[in-house]
Amino acid sequence: MKIDVENRDNGAILHLEGKIIGDGVARFRHAIEEQINSNVSWIILDLSEVPLMDSSALGTIIMAFLKLKEKKGKLVLLYVQKSILEILNITKLNSMFEIYDNMQSAFDAVQINQ
Amino acid sequence: MKINKTQKRNITLDIPSEFRHIYLLDDVLAYVAKEMNFDEETEEQVNLAVIEAGTNAIKHGNKNDPNKIVHFRFNISDDKLVVYIKDSGCGFDPSIIDDPLSPENVMKTCGRGIFLMKNLMDEVEFTVIGDCGTEVKMVKYRIPSKADNIDDSGICNN
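Keeping their order, the protein sequence lines are chains Y and B.
1 is the number of the first residue of the first sequence in my numbering; add one for each residue after it.
1001 is the number of the first residue of the second sequence in my numbering; add one for each residue after it.
If you're looking for bench data, these hints aren't it; they were derived computationally from the structure.
Do not take every clue at face value.
[Claimed, not checked] The calculated label-pair distances, taken between Cβ atoms and stated as ranges, are:
hint	chain 1	residue 1	chain 2	residue 2	range
1	B	Gly1130	Y	Lys71	45 to 51 Å
2	Y	Ser95	B	His1071	36 to 42 Å
3	B	Glu1041	Y	Ala109	36 to 42 Å
4	Y	Glu6	B	Val1128	43 to 49 Å
5	Y	Asp4	B	Asp1093	39 to 45 Å
6	B	Lys1118	Y	Lys71	34 to 40 Å
7	B	Glu1035	Y	Glu6	38 to 44 Å
We put the CB at the ideal spot given by N, CA and C, even for glycine.
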C-alpha cells in the first residue's frame, strides 16, 4: 500500500494506492495521525486507487473524521470505488461522510469551514 | 473451461499471527476466486469477509502472537466455496456483539468485522473448539454464469 501526502494551504490530500488491509492499516493510521497532529484543519482522502479496505481502515477514517470535527475541521472522501461504496452503504457510513467524485468539489467542501 | 461437476478440492494456508501476512492471504484469495470463476462483485465480497475473519483470528484469537498459527482451508466445489478459519484463542460469544447499525454505534471506530462477514457471505458459523480455539465456517454459493455452459471448444452446452 502506498501513501502520498500533498499538503495544501492548511490541509492535506492523502493519495492512497492499494488495498488497505493487514499491516497497511497501521501505516494508514500513522499517516493520518501525523497530519492531524501537525494541526491540519482538513483532509481529503483520495481513494481512486483503493479497491478494498477492511473494517479497521474504516475505523481509522471514523477516528480522523471525529478528531477533525472536534477541532472544527473536516474530512471528506474523494473518488470512492464501487466495492468500498458497498461497504459504506452496508454499514450506513455513506450518510455520515461527504463523498465527492471530483477534486474541485472536494476542495470547495473543505474550504467552506475555513 | 467447463467446470467438472464432481470436482472438489481443498487449498490450505497456515500463517503466523502477524498482520503483514494478510497480503499473502489476499493473493491466495485471488487464486481461489479464479478457481471458483466468481464474478467481480462476489470476489470482492469473499475477499473482504475472509480478510476480516483472518484479521480477527490474528488480533482477538491469537493476540498477535507470531508463534500461534491461523489456519485457513478453502473447500472448492462447483456450486459453493466453503472457508474454514481456525485460531488458538479462547473463543467468544458472537451473539454479544453490539449492532453496528444502531445510532449510538454507527460512528464507533471498531466492531464491524463480524457484521461484515455475515452480510457479505451466505452462511457464517462460529464453533468454539474446547479451550484450544475458535473455528469460523463461511459459505458463499456460486451463481452459474453463461461461460459455465461453454466447453473448451467454445460450443455452448445449453
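Do the hints match the structure? See the list:
1. Between Gly1130(B) and Lys71(Y) the CB atoms are about 49 Å apart, so this pair conforms to the stated range of 45 to 51 Å.
2. Between Ser95(Y) and His1071(B) the beta carbon distance is about 38 Å. The supplied range of 36 to 42 Å therefore holds.
3. At about 29 Å, the CB distance of Glu1041(B) to Ala109(Y) disagrees with the hint of 36 to 42 Å.
4. Between Glu6(Y) and Val1128(B) the beta carbon distance is about 48 Å. The supplied range of 43 to 49 Å therefore holds.
5. The hint said 39 to 45 Å for the Cβ distance between Asp4(Y) and Asp1093(B), and at roughly 43 Å that hint holds.
6. Judged by the Cβ atoms, the range 34 to 40 Å given for Lys1118(B) and Lys71(Y) holds: they are separated by roughly 35 Å.
7. Look at Glu1035(B) against Glu6(Y): about 40 Å separates their beta carbons, and that is inside 38 to 44 Å.
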